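Trainee: Each chain is listed here by its residues.
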Amino acid sequence: MQQQITVFRVFIASPGDLNEERQALREIVDGINQIFSRESNWRIELLGWEDTLPGGGRPQDLINVDVDNADLFIGCLWRRWGTTTGSNGKTGFEEEFDRAFERRIKTSEPEIWLFFKDIPEDERSDPGPQLTKVLAFREREENAKRLLFQRFTDVTDWRRRIAPLLHRQLLRLVTRGLQRQNVEASQPQLRAGSTSSTSSPGGQPTNSPAVASLVALLQAASDGLASQSLVSFSGSEKFDNARCVRLLLFAASLYTGKIQSVEFGTHEANSACWHRASLKLTGQERIFLIKTVLLDYSLTKPGWYWAHRWRAKISVGYPG
Amino acid sequence: MVLGASMESKDFCWLPWLITSERDEATRTRALDFSTQIGFPIHGRAGGKAAYAALQDQSVAVRLGALKYLAKHGPLSAISEIRPLLTHADDHVKESARSTIHAIHMRSNPNKEMRQVVKGAIPLTQTLIDAVNENLARFNVVTLEMCLNHSSPVLRARGAEELQRRGNLSLPAALQLVTDDSRLVRENAFCALTDHAAAPTPTEIRRQLSSHPLFPSSVTRETANPDRAVTYYFSKQPADKLWSFVDLLDENSHLALRALSERFFATNGQIIRDALADDFEQRTREAKARRDQQSPRIPSYFTVFGEDPIETERRNLRTAALEGLADNPSDEDRSLFKRFLSSELSAVDQTIACLRGLSRAGVAADLPSVAPFLTSPSSSVKAAAARCCLELAKDLTAILKELIASKSEPILWIVVATTLKRRGRQTWEHLKPLLSDENDEIRRLACLYATSVLLRKELLSELNTCLKSGWYYYNVVTLFDRALYAPASARAHFKHEEQLHFEKLSNEATRNWPGLTL
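Protein sequence lines correspond, in order, to chains A and B.
317 is the number that our numbering gives to position 317 of the first sequence; each next residue is one higher, with no gaps.
94 is the number that our numbering gives to position 94 of the second sequence; each next residue is one higher, with no gaps.
Be a bit skeptical, because a hint or two may be false.
[To be verified] Partial list, derived from the structure: chain A residues whose beta carbon lies under 7 Å from chain B:
(1) 274
(2) 290
(3) 291
(4) 294
(5) 297
The hints are simulated quantities; they were obtained by calculation from the structure and are not laboratory data.
For clarity, every value in this text was computed on a predicted model and none was experimentally measured.
C-beta atoms are modelled at their ideal positions from N, C-alpha and C, and glycine is treated no differently.
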């Protein structure tokens with residue numbers, strides 16, 4: 001049976017003094033792929049300068065194509081900052097990082113992780129021009145706290161740190177895929193009406209605005225977690241209220257369907273009403289809110305908006 | 001009412017799903033109740049036959065909810081689905097299934113089914129009582145007469161009431177029923193005796209229908225309304241006979257005067273007016289003299305323990321006369337209405353009659369006489385005063401502002417009901433600030449007005465304004481959300497719920513002055 005493989009592209013950027021770490025990463029990725037390709041349709045593709053196909057033009061331009069396609073950018077520095085690669089005066093690492101970071105600002109992608117191999121104290125006290133640039137970059141990023149940032153002592157420590165991170169990232173992606181399937185499969189009895197031409201049998205249309213917005217939200221949340229911006233005390237500010245309400249709603253609707261019956265509280269129902277125009281909800285989420293309203297005996301939970309003009313065909317499966 | 005497979009049925013596509021697929025029992029039960037309330041057809045194909053699926057639910061509460069729905073909306077074909085529950089382990093389910101089958105049959109063939117219920121001495125459950133009430137007008141006389149022999153006093157009373165209403169309660173039956181255990185049955189029997197010109201005196205009717213506080217003559221808890229039977233008696237009497245009852249100044253005299261006002265005002269209005277102008281002094285004096293002649297030396301109970309019953313009835317006569325004049329006012333009555341305005345709590349009905357009369361015979365200059373009653377301790381008097389002010393005021397906007405500023409529930413009820421009746425929308429500008437009033441009932445009244453008169457886009461704008469203000473009361477947003485987005489049948493149900501919610505206030509605000517509703 002033909003299986004569609006989903007590829008997670010990881011780009012490793014580092015000057016030439018970390019070849020041992022690059023090789024170690026390649027071995028780790030191979031190991032992960034061996035496990036995951038058996039149990040799921042996910043695999044990691046590791047990209048770096050050594051994987052770039054030869055071709056005409058500036059070599060760095062060819063490498064940049066891989067940088068632009070990467071889902072995860074791993075920057076790794078030790079003593080060297082690298083050599084300039086063209087007329088812009090930037091080193092290969094510098095150009096690759098800036099390119100990835102600019103894309104991240106615009107599109108929230110790729111994920112960026114930075115690793116710095118420890119420098120002996122005596123070298124720090126008398127750094128050469130290369131190390132000075134590395135230390136300045138490191139200090140800048142340490143202060144900015146905008147990216148995942150770690151230090152390691154040697155290649156063993158590197159292995160110990162990078163492997164679980166990659167495992168977790170891939171698990172998150174697999175889980176997200178499963179969640180997406182759950183969203184689609186969670187309304188087996190609510191079939192989309194004739195308004196969608198792309199509905200799948202027995203499920204929410206896979207390209208419906210409700211599912212698409214949920215996928216985007218979970219992606220953004222995942223990104224926020226990876227960059228630790230959502231788990232720092234002030235990080236949640238980057239997540240606007242409408243997205244917070246949607247996440248709560250999604251989680252509550254999952255919880256009520258799987259674990260224990262819950263309803264939205266007064267404040268939550270009113271928040272959903274407040275953001276109603278910007279929320280595109282799945283059938284499962286709508287049902288959850290409607291249930292909340294139906295069980296509201298205190299006249300404090302608005303939510304008929306979610307039932308308004310909602311069309312779905314019903315199949316309750318009664319045999320009679 | 002059961003919805004057809006219309007567009008509206010699509011608005012409730014989630015309802016059958018909740019009934020059949022929701023994990024939470026309370027939600028499934030609530031969804032069934034809601035279907036029953038709005039009449040959404042969950043037994044048909046459009047509703048996924050969810051009611052039948054619910055009959056097989058593991059929860060007893062859900063099964064009972066499904067039976068309740070089917071009792072009200074189920075077709076004959078539902079019976080085969082219900083029948084297996086007749087052997088259910090739970091007695092409630094078993095009993096409810098039996099009643100539901102009877103209720104469905106009764107909808108289809110009321111006479112045949114009702115006779116079977118009576119013959120079989122089937123216990124009357126609430127489901128069956130509801131079915132009887134629903135089909136009462138469809139029962140023929142034979143069926144209704146059979147109901148008179150049922151062990152249930154409720155069913156006997158319903159049967160007697162319907163037979164009497166139709167004029168089909170025979171004299172022998174009525175004579176038999178005046179000794180019934182049930183006071184409600186006796187009440188209708190006395191009305192029937194009046195129809196047959198065989199009724200005892202009003203005093204005797206009242207005596208037989210009034211319960212003794214210590215020794216109730218009936219084992220049932222229902223109460224009769226002696227006033228209704230006596231009023232019915234008076235409705236068949238000529239004017240001269242009614243005056244003789246008025247002159248008795250006993251507990252029925254005011255009912256006789258009321259009957260005179262209602263039926264013979266054209267020829268007796270001036271006599272009533274004169275009697276009121278005299279405050280029934282002459283008639284009272286004569287009544288006391290008659291009593292003293294009958295038992296001159298014995299000090300009566302009232303002289304020791306309370307008010308003279310003749311004086312009590314005099315007040316009732318005063319009120320009845322004022323009510324009669326309020327229904328048929330002339331300019332000269334204006335001074336009478338003002339004269340009898342009273343701040344005494346024992347004279348609430350009298351004052352309401354005066355205010356009602358002034359609202360028709362009064363002029364704007366009378367407003368200062370009415371205004372003090374806006375702060376009466378009686379809600380009904382407050383409401384009547386507000387209603388009177390609205391009729392008399394030349395500057396409607398000014399009086400509306402003043403009444404709204406009172407923030408009194410009965411007064412605001414009158415403002416809302418009056419402006420709704422006049423189909424006025426301009427009052428919204430003054431009522432709108434009440435959306436943020438701290439009194440929950442006042443906010444609800446303002447919402448009721450808004451949801452009744454505002455256009456959809458205006459209501460939407462109000463909702464958004466509330467939400468954007470960052471500070472609002474939840475029930476305001478919830479009521480607006482319902483009005484804007486709930487399907488029509490649900491909106492009708494919610495409106496009914498609101499009317500029920502305000503029922504007590506409505507009754508207070510329209511005491512002895514009907515004609516306004518929310």
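Trainee: Would the stated hint for residue 297 of chain A survive a check requiring a Cβ distance to chain B of less than 7 Å?
Mentor: violated (9 Å)
Trainee: Using Cβ atoms only, decide whether residue 290 of chain A comes closer than 7 Å to chain B, and label the hint accordingly.
Mentor: holds (5 Å)
Trainee: Does residue 294 of chain A hold up as a contact with chain B if the rule is Cβ-Cβ below 7 Å?
Mentor: holds (5 Å)
Trainee: Is the interface hint for residue 274 of chain A satisfied, with its Cβ closer than 7 Å to some Cβ of chain B?
Mentor: Holds - the Cβ of residue 274 of chain A comes within 7 Å of chain B, reaching about 5 Å at its closest.
Trainee: Measuring from the C-beta of residue 291 of chain A to each C-beta in chain B, is the shortest one below 7 Å?
Mentor: This hint holds: residue 291 of chain A lies near chain B, its Cβ roughly 5 Å from the closest one there, short of 7 Å.
Checked against the numbered hints given earlier, the structure breaks only hint 5 and satisfies all the rest.
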